[in-house]
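There are 2 protein chains.
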Amino acid sequence: MSQDLYRTSLTLLTDLYQITMAYGYWKKGFAEKKAVFHGYFRKSPFKGGFALNAGLAYVIDFLNNFSFADDDIKYLSTITDAEGQPLFEADFLEYLRNLQFDLTIHAIEEGTIIFPNEPFIRVTGSLLQCQLIETALLNIINFQTLIATKAARLRIAAKDDQLLEFGLRRAQGIDGGISATRAAYIGGFNATSNVLAAKLLDIPVKGTHAHSWIMSYDDELQAFKAYADVMPSNCIFLVDTYNTLEGVKNAITVGNSLKEKGYAMNGIRLDSGDLSYLSIEARKLLDDAGFTEASIVASNDLDEYLINSLKIEQNAKINVWGVGTKLVTAYDQPALGGVYKLSAIQDENQKWQYKVKLSEQINKISTPGILQVRRFKNANGKLNADMIFNEEENISNNPILIDPNNGIRSKKIDKSKNYEDLLIPIFENGKLVYNSPSIHSIQLKTIKELSQLDDSIKRFYHPHEYPVGLESTLYNLKMNVIHKLKS
Amino acid sequence: MSQDLYRTSLTLLTDLYQITMAYGYWKKGFAEKKAVFHGYFRKSPFKGGFALNAGLAYVIDFLNNFSFADDDIKYLSTITDAEGQPLFEADFLEYLRNLQFDLTIHAIEEGTIIFPNEPFIRVTGSLLQCQLIETALLNIINFQTLIATKAARLRIAAKDDQLLEFGLRRAQGIDGGISATRAAYIGGFNATSNVLAAKLLDIPVKGTHAHSWIMSYDDELQAFKAYADVMPSNCIFLVDTYNTLEGVKNAITVGNSLKEKGYAMNGIRLDSGDLSYLSIEARKLLDDAGFTEASIVASNDLDEYLINSLKIEQNAKINVWGVGTKLVTAYDQPALGGVYKLSAIQDENQKWQYKVKLSEQINKISTPGILQVRRFKNANGKLNADMIFNEEENISNNPILIDPNNGIRSKKIDKSKNYEDLLIPIFENGKLVYNSPSIHSIQLKTIKELSQLDDSIKRFYHPHEYPVGLESTLYNLKMNVIHKLKS
Numbered sequence: 068m069s070q071d072l073y074r075t076s077l078t079l080l081t082d083l084y085q086i087t088m089a090y091g092y093w094k095k096g097f098a099e100k101k102a103v104f105h106g107y108f109r110k111s112p113f114k115g116g117f118a119l120n121a122g123l124a125y126v127i128d129f130l131n132n133f134s135f136a137d138d139d140i141k142y143l144s145t146i147t148d149a150e151g152q153p154l155f156e157a158d159f160l161e162y163l164r165n166l167q168f169d170l171t172i173h174a175i176e177e178g179t180i181i182f183p184n185e186p187f188i189r190v191t192g193s194l195l196q197c198q199l200i201e202t203a204l205l206n207i208i209n210f211q212t213l214i215a216t217k218a219a220r221l222r223i224a225a226k227d228d229q230l231l232e233f234g235l236r237r238a239q240g241i242d243g244g245i246s247a248t249r250a251a252y253i254g255g256f257n258a259t260s261n262v263l264a265a266k267l268l269d270i271p272v273k274g275t276h277a278h279s280w281i282m283s284y285d286d287e288l289q290a291f292k293a294y295a296d297v298m299p300s301n302c303i304f305l306v307d308t309y310n311t312l313e314g315v316k317n318a319i320t321v322g323n324s325l326k327e328k329g330y331a332m333n334g335i336r337l338d339s340g341d342l343s344y345l346s347i348e349a350r351k352l353l354d355d356a357g358f359t360e361a362s363i364v365a366s367n368d369l370d371e372y373l374i375n376s377l378k379i380e381q382n383a384k385i386n387v388w389g390v391g392t393k394l395v396t397a398y399d400q401p402a403l404g405g406v407y408k409l410s411a412i413q414d415e416n417q418k419w420q421y422k423v424k425l426s427e428q429i430n431k432i433s434t435p436g437i438l439q440v441r442r443f444k445n446a447n448g449k450l451n452a453d454m455i456f457n458e459e460e461n462i463s464n465n466p467i468l469i470d471p472n473n474g475i476r477s478k479k480i481d482k483s484k485n486y487e488d489l490l491i492p493i494f495e496n497g498k499l500v501y502n503s504p505s506i507h508s509i510q511l512k513t514i515k516e517l518s519q520l521d522d523s524i525k526r527f528y529h530p531h532e533y534p535v536g537l538e539s540t541l542y543n544l545k546m547n548v549i550h551k552l553k554s
Numbered sequence: 068m069s070q071d072l073y074r075t076s077l078t079l080l081t082d083l084y085q086i087t088m089a090y091g092y093w094k095k096g097f098a099e100k101k102a103v104f105h106g107y108f109r110k111s112p113f114k115g116g117f118a119l120n121a122g123l124a125y126v127i128d129f130l131n132n133f134s135f136a137d138d139d140i141k142y143l144s145t146i147t148d149a150e151g152q153p154l155f156e157a158d159f160l161e162y163l164r165n166l167q168f169d170l171t172i173h174a175i176e177e178g179t180i181i182f183p184n185e186p187f188i189r190v191t192g193s194l195l196q197c198q199l200i201e202t203a204l205l206n207i208i209n210f211q212t213l214i215a216t217k218a219a220r221l222r223i224a225a226k227d228d229q230l231l232e233f234g235l236r237r238a239q240g241i242d243g244g245i246s247a248t249r250a251a252y253i254g255g256f257n258a259t260s261n262v263l264a265a266k267l268l269d270i271p272v273k274g275t276h277a278h279s280w281i282m283s284y285d286d287e288l289q290a291f292k293a294y295a296d297v298m299p300s301n302c303i304f305l306v307d308t309y310n311t312l313e314g315v316k317n318a319i320t321v322g323n324s325l326k327e328k329g330y331a332m333n334g335i336r337l338d339s340g341d342l343s344y345l346s347i348e349a350r351k352l353l354d355d356a357g358f359t360e361a362s363i364v365a366s367n368d369l370d371e372y373l374i375n376s377l378k379i380e381q382n383a384k385i386n387v388w389g390v391g392t393k394l395v396t397a398y399d400q401p402a403l404g405g406v407y408k409l410s411a412i413q414d415e416n417q418k419w420q421y422k423v424k425l426s427e428q429i430n431k432i433s434t435p436g437i438l439q440v441r442r443f444k445n446a447n448g449k450l451n452a453d454m455i456f457n458e459e460e461n462i463s464n465n466p467i468l469i470d471p472n473n474g475i476r477s478k479k480i481d482k483s484k485n486y487e488d489l490l491i492p493i494f495e496n497g498k499l500v501y502n503s504p505s506i507h508s509i510q511l512k513t514i515k516e517l518s519q520l521d522d523s524i525k526r527f528y529h530p531h532e533y534p535v536g537l538e539s540t541l542y543n544l545k546m547n548v549i550h551k552l553k554s
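So the protein lines, in turn, are chains A and B.
The opening position of the first sequence corresponds to residue 68 in the working numbering, with each subsequent residue numbered one higher.
The opening position of the second sequence corresponds to residue 68 in the working numbering, with each subsequent residue numbered one higher.
Next comes chain A alone, as it looks inside the complex (with noise of 0.2 Å):
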């Protein structure tokens, strides 16, 4: 069943009533009308200042392969109105098996830091096809965004030291420790526990023992020895199955049988117990017997908040960091609340006509028009403001920025040739025209990124909000459009 399920197209990956729109466009004869839809989220996550944009190439992948098999037509044949009757009529089923996906659609790049309220997609074709593919957009993106943003904060915790992901056992379904363990790496980890995830997407992979290997022998220190007998360039040994500081030594007595042999024990692993107290001393033990090189790897429902703790506040000596549930589920907040909001939409004369979703909630209320996200940095590289502004306008040389949630939030740019604008084209009517870096890349742009980033908007208690606002004749338009809904 769970291999069978992967082997069939994911275009029916959508929410029902994204067909039965489709069908209702399609019999009122404006399933063609051309449309704009943009992705953004509202609310940066886990109360941080900033999110990494992450799973464009798992949504490429999707696009690419975006078409109606003879299995989901005859599947959506099956499905009944309360009568009982066909849902569909049979041309459109037909239509539908035609379709060719022709959408355009520009997006922001993998490692890339973002923001809320900034639209990460930009999707323009026929409001059919638009439809469509929202929800496995928006299930791909919201999911490898917010681990690679978790990724990229225990980076910020873990400073220089080696982060691993060990997450695969608690991770939610197969693919959610697949995509997590791509994120995660995009994120800026080091390596991954995951043997699939680490062949498919060409990522580093580690790994030594667990307790059952201590535990198939009869006592732990035959088991070291057996272990570094089969693996002596791979000894990374897990002390803590009976008594920690016992195990530090079990593992010293062999690190110095190893050292006979001309091998170096790598280190030691704690899962448990009082990790600040136990890595000092088992750092002591260690550098009294001569290995000062071995690392101390720590797990244990590790998250950001407990590794600088761990590092800042408790001096701990660990220097590898094993994180998994914390990490590959988002535990603090499990789900980025992405959406896809229709900003605009063609009438007969080809002229877009301007769209919002209205709510009570300020911040709820979609922004109308053909997004861009300018980002300017400042002299020294730093970012400095996003503007979002609509391409159908002339923007001035000086824009003012207007906070989208408070009017009266304003910032002005001087004349700053330091931009860029960071949608850019993916597909032009269906064809690809982006190649997609290699996950290595992905993971440089976003270590260049958080450099880039004040360490403000980096820190995990009340960070510093960063300045994203929309163009003043953007704001004015939005206002207008509101305005007009409500009368």
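What the hints contain is simulated information worked out from the structure, not anything from laboratory work.
Each statement offered as a hint is correct.
Repeated chains share a single entry, so a pair holds when one copy, or any two copies, can fit it.
30 Å max Cα-Cα, derived DSS-like pairs, lysine-lysine: (1) K316 x K431; (2) K292 x K101; (3) K553 x K95; (4) K226 x K515; (5) K95 x K292; (6) K94 x K498; (7) K553 x K351; (8) K316 x K94; (9) K444 x K525; (10) K418 x K431.
Just so you know, these numbers come straight off a predicted model, no measurement behind them.
Got chain A; can you put chain B on it based on the hints?
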């Protein structure tokens, strides 16, 4: 990428240390030593009193396809140690290539209520194979059991109301969506919006329209009319795009036209705002207009606590609940900490040597033995107590159960004949001997099991702790093994 990814063998869906340990066992000549492992969790999720077992059908599928493909072997040959040398020797990789899955597996059926410390799976066979399948087993069962449990809690809160699963766009990856839909249905949901899951798993699918349908028209009334034209027997009108109660009035206008044409409007959907107030007002408007049969569907960050409050404290007039993010990500506890521990291994004379993993925390000490779970029921069919026992021992007719985490808590079972042993044969020496029931039968089993569970155990706040104990001989065995290890 996301599609190719799943066209591969899933055999490498494991942590690298499982393979390095397998290599160690093989090198040391005891790869085929007979061992027993059990999977179990230590605490019910969501601070609740029970869990609902799910995932077995996926585990069976994974194991039925367990075999190293050529490209798996090729990939493993590229992994290197700290010296840059291949980690695995060629003969071991040949051994893996020729490996035939031949484990014996007992498991608890899907849709069964389970409790902490009870093995939901028992794996017997070669130490090497037991180890290689650990990670995938935990990944699958941890997630599906977590979501099925959440769904069962929502079923308890919603009583006989309809429950719809709407989570795909916020799920943790593609399979995080599909597996969650499956588990939600097992836990008692009526239908899903996820078309692919519905197609693959034979689950009822539902959907009407989103805000974008409304926004693609000049006004809401036009949009409702157009929708009703196209799908007159599938009309649940989403009424909150602009102003909810005005939306209800527009729905009524269109409902009246439908009535004239001989159709019944199915209902309306609320997706924002004060669900209690809006549903009460909407119900009045609908009833006054003669639409007493029209459903009121609500969605927007619902969970079991909110549904409970809306129904019981707020007297909301909602009879269909659409639940997304909070269900499919198990938002308040996004991981079940299921573990998999070695509990016995055969010595040279084929005699079982019992094993435990020690810990400073008593609830983290594993239980030795070849375990079975016996469930005793009362005369009225309600669950009375569960006993974990060692199948190698003869059990008294009047067994005493001892709390594994507190030796002074015990319970005597009086000669009960009303019991069932929950772990049943799934694979015998690699051969599948179990027919997975249909997902509909599993859901029926869930409903029956929930009815047999006392309300005090099902409640959300401080539930009563259901008695699960070690049979006294097993308890003594465990204490003996612990004391022997400590001395």
